[in-house]
Amino acid sequence: MKIHNLKTGIIVSEVEDFDLEQTLDCGQCFRFSQTPDGGWHGVAADHPLTLYQTPEGILFESITPDEFNGFWRKYFDIDRDYKAIRNSFPDHPALRQSTGFTPGTRILRQDAWEALISFIISQNNNIKRIKGIIERLCRNFGSPCGNDFAFPSPSSLACLDEQDLQLLRAGWRSAYILDAAHKVNSGQLDLSEISLMPIKEAREALQTIHGVGPKVAECVLLYGMGRLEAFPLDVWMKRAMTQLFPEYTPDSFGEYAGIAQQYIFHYCRSNPHCLEK
DNA sequence: CGCCAGGCTTCTA
DNA sequence: TAGAAGCATGGC
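In my numbering, each residue's number is its place in the first sequence (first place is 1) plus 1108.
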């Protein structure tokens, strides 16, 4: 990896397997969108960013090397060797298809609290509306940062009631958001501690939140806590496991099963003809 | 209009 | 203890 200074930001080059569309538009985050000029803009926690895929590397606009090293480097999982991880997967035709389809996908290391609320909102919902609800959540209850809004803190949501959350138009998920805010804000649940627990205990702790079941807990572990063994089983992955990997369990994919999951999930969503029903 | 959405809780047998 | 119903909202 190399960092090149520009007047307008920095270019990060010599990073293998790093495609912005494959990483930011694969269903793992909800606050990034493509801009009219082909770039990407979004916010992670309280860090706004505009970036571009260029022949020279990834252009991080208006970012200093210190800001990159202090935040975005970890967020984009820059220092992990994804090719080596793909090579650690079991040899299976459907998995080769999936990894070959989007080899530029990286698992984002998001904030645990933001991932928790985002994936609570995601349940029985579609990506377009998930993004809208999260945008209204940030715009109404997050602190301004530049032209954007930070993701609201647990304390800033814990003081609200369901009436206040009506403007989200999140339906019955509002009660779940409030229960998560109360349990995290009160200290009853410590997300930093949970991130370090044995995964079985971490799952159980997350699922004490009303509205957090096995799938949402797994997403929080994978996308918000850096637990790359976590393996979210949504309707698509359940179909994929039944129809494409009948002889496999999540453990079959190894310690980076969650990364395999992301390749398979995106491949099946983008090529629905691969699955029945 | 009807069906469905990166599910979960609650009810039922 | 498994399976179905109900859930709020809106995208397509």
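Because the hints were derived from the structure by calculation, they are not lab data.
Fair warning: there could be bad hints in the mix.
What the hints assert, rightly or not - Restraint-style ranges between C-beta atoms, simulated for each label pair: (1) Q1351 x I1235: 44 to 50 angstroms; (2) P1163 x D1187: 40 to 46 angstroms; (3) Q1274 x I1186: 37 to 43 angstroms.
To be verified - Dumping the calculated DSSO-like pairs for lysine-lysine here, alpha-carbon to alpha-carbon at most 30 angstroms: (4) K1239 x K1346; (5) K1182 x K1110; (6) K1110 x K1236; (7) K1308 x K1323.
Treat the numbers as computed from the prediction; the structure is a model and nothing was measured.
Built from N, CA and C at the ideal position, the CB exists for glycine as well.
Status of each hint after checking the structure:
At about 23 angstroms, the CB distance of Q1351 to I1235 disagrees with the hint of 44 to 50 angstroms. The hint said 40 to 46 angstroms for the Cβ distance between P1163 and D1187, and at roughly 23 angstroms that hint is violated. Our hint of 37 to 43 angstroms for Q1274 and I1186 holds, since their Cβ atoms are close to 40 angstroms apart. A hinted pair counts as satisfied when its Cα atoms are at most 30 angstroms apart, and K1239 with K1346 qualifies at roughly 24 angstroms.
A threshold of 30 angstroms between alpha carbons decides the hint, and for K1182 with K1110 the separation of about 15 angstroms falls inside it, so the pair holds. Restraint check for K1110 and K1236: the C-alpha separation of about 35 angstroms exceeds 30 angstroms, so the hint is violated. Among the hinted pairs, K1308 with K1323 is consistent with the structure: their alpha-carbon atoms are about 13 angstroms apart, no more than 30 angstroms.
Violated hints, in rising order: 1, 2, 6; the structure is consistent with all others.
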